[in-house]
Amino acid sequence: VVDERFFNNYGPFSLEEVLSISGARIYNRDENIDITAQIKGVGPLDLADSGELSFFSNPKYADAYKASKAGYCITAEKFANEAPKGMIVIVSENPTKAYAEIARMFFPEDPVIKSRIASSARIASSVSIGKNPVIGEGVVIAENVTLGDNCMIGHNVVIERGVVIGDDCKIGASATICYCIIKDRVSIYTGVRIGQDGFGFASDRSGHMKIPQLGRVIIGNDVEIGANTAIDRGAGPDTIIGDGCVIDNLVQIGHNVELGKNCVVVSQVGIAGSTKVGDFVVLGGQVGVAGHLSIESGVQVAAQSGVVSTIKAGMVVGGTPAVPIRDWHRQTIALKKLTNKVS
Amino acid sequence: VVDERFFNNYGPFSLEEVLSISGARIYNRDENIDITAQIKGVGPLDLADSGELSFFSNPKYADAYKASKAGYCITAEKFANEAPKGMIVIVSENPTKAYAEIARMFFPEDPVIKSRIASSARIASSVSIGKNPVIGEGVVIAENVTLGDNCMIGHNVVIERGVVIGDDCKIGASATICYCIIKDRVSIYTGVRIGQDGFGFASDRSGHMKIPQLGRVIIGNDVEIGANTAIDRGAGPDTIIGDGCVIDNLVQIGHNVELGKNCVVVSQVGIAGSTKVGDFVVLGGQVGVAGHLSIESGVQVAAQSGVVSTIKAGMVVGGTPAVPIRDWHRQTIALKKLTNKVS
Amino acid sequence: VVDERFFNNYGPFSLEEVLSISGARIYNRDENIDITAQIKGVGPLDLADSGELSFFSNPKYADAYKASKAGYCITAEKFANEAPKGMIVIVSENPTKAYAEIARMFFPEDPVIKSRIASSARIASSVSIGKNPVIGEGVVIAENVTLGDNCMIGHNVVIERGVVIGDDCKIGASATICYCIIKDRVSIYTGVRIGQDGFGFASDRSGHMKIPQLGRVIIGNDVEIGANTAIDRGAGPDTIIGDGCVIDNLVQIGHNVELGKNCVVVSQVGIAGSTKVGDFVVLGGQVGVAGHLSIESGVQVAAQSGVVSTIKAGMVVGGTPAVPIRDWHRQTIALKKLTNKVS
Numbered sequence: 128v129v130d131e132r133f134f135n136n137y138g139p140f141s142l143e144e145v146l147s148i149s150g151a152r153i154y155n156r157d158e159n160i161d162i163t164a165q166i167k168g169v170g171p172l173d174l175a176d177s178g179e180l181s182f183f184s185n186p187k188y189a190d191a192y193k194a195s196k197a198g199y200c201i202t203a204e205k206f207a208n209e210a211p212k213g214m215i216v217i218v219s220e221n222p223t224k225a226y227a228e229i230a231r232m233f234f235p236e237d238p239v240i241k242s243r244i245a246s247s248a249r250i251a252s253s254v255s256i257g258k259n260p261v262i263g264e265g266v267v268i269a270e271n272v273t274l275g276d277n278c279m280i281g282h283n284v285v286i287e288r289g290v291v292i293g294d295d296c297k298i299g300a301s302a303t304i305c306y307c308i309i310k311d312r313v314s315i316y317t318g319v320r321i322g323q324d325g326f327g328f329a330s331d332r333s334g335h336m337k338i339p340q341l342g343r344v345i346i347g348n349d350v351e352i353g354a355n356t357a358i359d360r361g362a363g364p365d366t367i368i369g370d371g372c373v374i375d376n377l378v379q380i381g382h383n384v385e386l387g388k389n390c391v392v393v394s395q396v397g398i399a400g401s402t403k404v405g406d407f408v409v410l411g412g413q414v415g416v417a418g419h420l421s422i423e424s425g426v427q428v429a430a431q432s433g434v435v436s437t438i439k440a441g442m443v444v445g446g447t448p449a450v451p452i453r454d455w456h457r458q459t460i461a462l463k464k465l466t467n468k469v470s
Numbered sequence: 128v129v130d131e132r133f134f135n136n137y138g139p140f141s142l143e144e145v146l147s148i149s150g151a152r153i154y155n156r157d158e159n160i161d162i163t164a165q166i167k168g169v170g171p172l173d174l175a176d177s178g179e180l181s182f183f184s185n186p187k188y189a190d191a192y193k194a195s196k197a198g199y200c201i202t203a204e205k206f207a208n209e210a211p212k213g214m215i216v217i218v219s220e221n222p223t224k225a226y227a228e229i230a231r232m233f234f235p236e237d238p239v240i241k242s243r244i245a246s247s248a249r250i251a252s253s254v255s256i257g258k259n260p261v262i263g264e265g266v267v268i269a270e271n272v273t274l275g276d277n278c279m280i281g282h283n284v285v286i287e288r289g290v291v292i293g294d295d296c297k298i299g300a301s302a303t304i305c306y307c308i309i310k311d312r313v314s315i316y317t318g319v320r321i322g323q324d325g326f327g328f329a330s331d332r333s334g335h336m337k338i339p340q341l342g343r344v345i346i347g348n349d350v351e352i353g354a355n356t357a358i359d360r361g362a363g364p365d366t367i368i369g370d371g372c373v374i375d376n377l378v379q380i381g382h383n384v385e386l387g388k389n390c391v392v393v394s395q396v397g398i399a400g401s402t403k404v405g406d407f408v409v410l411g412g413q414v415g416v417a418g419h420l421s422i423e424s425g426v427q428v429a430a431q432s433g434v435v436s437t438i439k440a441g442m443v444v445g446g447t448p449a450v451p452i453r454d455w456h457r458q459t460i461a462l463k464k465l466t467n468k469v470s
Numbered sequence: 128v129v130d131e132r133f134f135n136n137y138g139p140f141s142l143e144e145v146l147s148i149s150g151a152r153i154y155n156r157d158e159n160i161d162i163t164a165q166i167k168g169v170g171p172l173d174l175a176d177s178g179e180l181s182f183f184s185n186p187k188y189a190d191a192y193k194a195s196k197a198g199y200c201i202t203a204e205k206f207a208n209e210a211p212k213g214m215i216v217i218v219s220e221n222p223t224k225a226y227a228e229i230a231r232m233f234f235p236e237d238p239v240i241k242s243r244i245a246s247s248a249r250i251a252s253s254v255s256i257g258k259n260p261v262i263g264e265g266v267v268i269a270e271n272v273t274l275g276d277n278c279m280i281g282h283n284v285v286i287e288r289g290v291v292i293g294d295d296c297k298i299g300a301s302a303t304i305c306y307c308i309i310k311d312r313v314s315i316y317t318g319v320r321i322g323q324d325g326f327g328f329a330s331d332r333s334g335h336m337k338i339p340q341l342g343r344v345i346i347g348n349d350v351e352i353g354a355n356t357a358i359d360r361g362a363g364p365d366t367i368i369g370d371g372c373v374i375d376n377l378v379q380i381g382h383n384v385e386l387g388k389n390c391v392v393v394s395q396v397g398i399a400g401s402t403k404v405g406d407f408v409v410l411g412g413q414v415g416v417a418g419h420l421s422i423e424s425g426v427q428v429a430a431q432s433g434v435v436s437t438i439k440a441g442m443v444v445g446g447t448p449a450v451p452i453r454d455w456h457r458q459t460i461a462l463k464k465l466t467n468k469v470s
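Chains as they are written, first to last, in the numbering used here: chain H, 128 to 470; chain V, 128 to 470; chain U, 128 to 470.
Calculated from the structure, these hints are not laboratory results.
Fair warning: there could be bad hints in the mix.
Each pair may be met inside one copy or between any two copies, as identical chains are not told apart.
Each computed EDC-like pair below joins lysine to aspartate or glutamate, with the alpha-carbon atoms no more than 16 Å apart [unchecked claim]:
hint, residue 1, residue 2
1, 337, 351
2, 439, 423
3, 187, 131
4, 212, 158
5, 212, 176
6, 193, 176
7, 205, 173
8, 241, 276
9, 196, 331
10, 241, 270
Treat the numbers as computed from the prediction; the structure is a model and nothing was measured.
Let's have the full structure, built from the sequences with the hints guiding it.
In structure tokens:
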């Protein structure tokens, strides 16, 4: 069911190979299942056919699961009994991850692409380029840039003077990068703006004088940065994105912000200048975080919340100003009761 | 009053032609009005002169209406009597639409442009291009793309492999499009990002593994997508934008989202993954909609609201979490009263 | 401590020169200080060394100040006594501005760059270009554009027909500009979208018909517009950005909006159509302002607030809908108390 105009299917793979890469196991134990059977590909519950593998984990889609014609389905053990007749159910402790492993086997994120530097790319003579580069049309790479091995630079990307990019990085079309050091396996999506100077002014009655922004942006390994997101460089300290962070589209990250490791920053979040964020922090969509705060490791912030004070490790908060999530839910209930009285 | 460095005026047109295209009628019935009189152009109430036509519908601008020197003005019948002396008042059931029809006669949205493919455009040999293309400088069109007739592709646009674009489409400068099927008469503005992979991960203590995103973006007829907006492709199902939807700037649309027909999505809205939106839904500016919800047809959501549950057809809601709009207003009032007690 | 791969240090400068450009004075009055001593550069409190100058004004960083090894530090007189031993303390009424002046002496915002027009730039023959242009690769400049003196146009920028740009302007890479008149010393960052048509439709049961947008965008002197921000042109009136306004990243400014002088618009703010904003107004991050309102001079709006009515001059407001800031704080407190009762 995957559109092969857009995706190259490296399958089929046998059920045995699928089990092996995912670490999952067959649930239908008493049935006589042929593990050499060939699986053609993957697809959603309502579209996959008897030769394909699907995936079920969110109970909201239980109806689609029960009605699915998929021949194979990865799920959690607790859902295995609800599977439709004839479906071979494959269970895993982390079915999402097992599915991801299998889908990546059929449709590798980085299919082998022939190294190529487009003739219209403008690359300064002092640029250092690693092995197997793919550099698109209209790309501009300025003096003293360093690119690692196996980098893919999309069309019309601009990389300014001195930027360092590690191995196995992908930069999406029309992105612009300056004053930035990037480690390995980083994906920067289309239209991302990295390294422009932060929003810092010395203001008085005559107006706003720009304060020179003399820091950089430092991006760790395995980071993903979504389309049209903006990350300003530091004012003096650096702006730092820790290893393994995933940042969605249209996010704003101000100067001097530090994200720890493996943070999840959902779309349209804004983090104001100099705020420090710990490891594995989750910021829901449209969250705003004020400047000069500390959001400690493991904190989760509900979508659209406004964080105006330091949040201790592991807390789950919501609302504007953000409070512990139970208190926020109580506020919502209290407000509803109050309204009933008023009406 | 329109700056002719930027806009080509196809006028003058006679009053008769103006009435004919708009279906509007003259209100000043007992006066002796010459319907062959020539109207030079259109302009706002405070700038239009005696040879020009203006427009009034929002009572906030009643003062400007009463003081206007415009020779002609489209409005609703209820406002006709407040017109200044000497103004020829033209009334319509839908004055905004009547004005739009007239303004488009003077200043057509798509003036005839000579077909041209810029010499610096890089177009793969397998690309199929319809009649009368206008393709700008620095454009990149990859293998197996199909463009319909009369398409205008702005400078530095990137269209990736396999994308299908229908007839009479306009793609603004620096937009990037991949994994996408677009029907006819679609306007995509500058800097739009379509088709990048959605924000889907299999997470555990070791970090976040990307789940391959194997769907597409399907865009219906007569859709408009505003500047720097991002629309992710589906994870397996497609992301779908229905016919006639108008989407403003800086909007985020997550993977698997479906919009029905004729929705209005105002600037900076974010719609999280897998949410289904009906027909003629209006989402005010900065609204956030959580994932996996159903927002049924005719729903209107007040600006900045946060929708966290399914909304039934025709409801008008506001607040975070969004509630029926009357309840939201009551909450605001109740909170105010409460505050008076506190102070 | 500044990374010289990215920044050219024009220093060292003597202490005397530093005092002279900033109008600041030495606080350590009884000590025997050599004003001919050479200062190598500037840096943050925790990184600057004995030959460098740092800056302290936010009490949150008092610990870093007290532990700093910086040889010199600009601060306010009230903090001078807390300086560590051996630090030469320089005090000013406006220490932020004094620091900005000094940092700009070491690292000028506009280092002298050799005038150059890239060979891949496509410039229409009717374009008028002032003295000392720097025009990047892949730039497109259409018919009848006027560029003043000393303009820097980044790579892959698109400037459409008739646009006028004054002297000493900088346009960041991949920005697109149309239907726009820009005065002097304006900085437009990467990916900015200016002049696309506003979000105006005549709607009925058949759908949404675009109303031609026949105004322009007028940008005053000394304006800064952040990365990926979108400013729509007027519908008939112009969209106007007053002198000295500073606008952050990912901001949305609707058609017909007028900003007065020296406004500060923080990241991800959205201002809906036809709203008029006075002088020195500050809109915090993610603020939403509804259309057709007047936000008078000196107003300050707290981050994430939603403004739905006119705000009188000098007021400080917060919340959604925005109320005077004291009332908003009271609401927050009242809600908290209410919750305690509920729990």
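Against the structure, the hints come out as follows:
For a Cα distance limit of 16 Å, the shortest separation of residue 337 from residue 351 across copies, 9 Å, qualifies, whereas the shortest one inside one copy, 30 Å, does not. Taking CA atoms no more than 16 Å apart as the test, residue 439 paired with residue 423 passes inside one copy only; the shortest distance there is 5 Å, against 39 Å between copies. For the identical chains of this complex, residue 187 and residue 131 are neighbours neither inside a copy (29 Å) nor across copies (54 Å), given an alpha-carbon limit of 16 Å. Within a single copy, residue 212 and residue 158 get their C-alpha atoms as close as 12 Å, which meets the 16 Å cut-off; across copies the closest is 80 Å, which misses it.
Proximity of residue 212 to residue 176 under the C-alpha cut-off of 16 Å is restricted to the intra-copy arrangement: shortest distance 14 Å within a copy versus 72 Å between copies. For the identical chains of this complex, residue 193 and residue 176 are intra-copy neighbours only, at 14 Å inside a copy versus 67 Å across copies, given an alpha-carbon limit of 16 Å. Taking the shortest Cα distances, residue 205 and residue 173 never come within 16 Å of each other, neither inside one copy (21 Å) nor across copies (53 Å). Only within a single protomer do residue 241 and residue 276 lie at most 16 Å apart by alpha-carbon distance; the minimum there is 13 Å, versus 33 Å between protomers.
For the homomeric pair residue 196 and residue 331, neither the shortest alpha-carbon distance inside one copy (68 Å) nor that between copies (30 Å) is at most 16 Å. Proximity of residue 241 and residue 270 under a CA criterion of 16 Å is satisfied inter-copy only: 15 Å between copies versus 25 Å inside one chain copy.
Of the hints listed earlier, those the structure fails to meet are numbers 3, 7, 9, in rising order.
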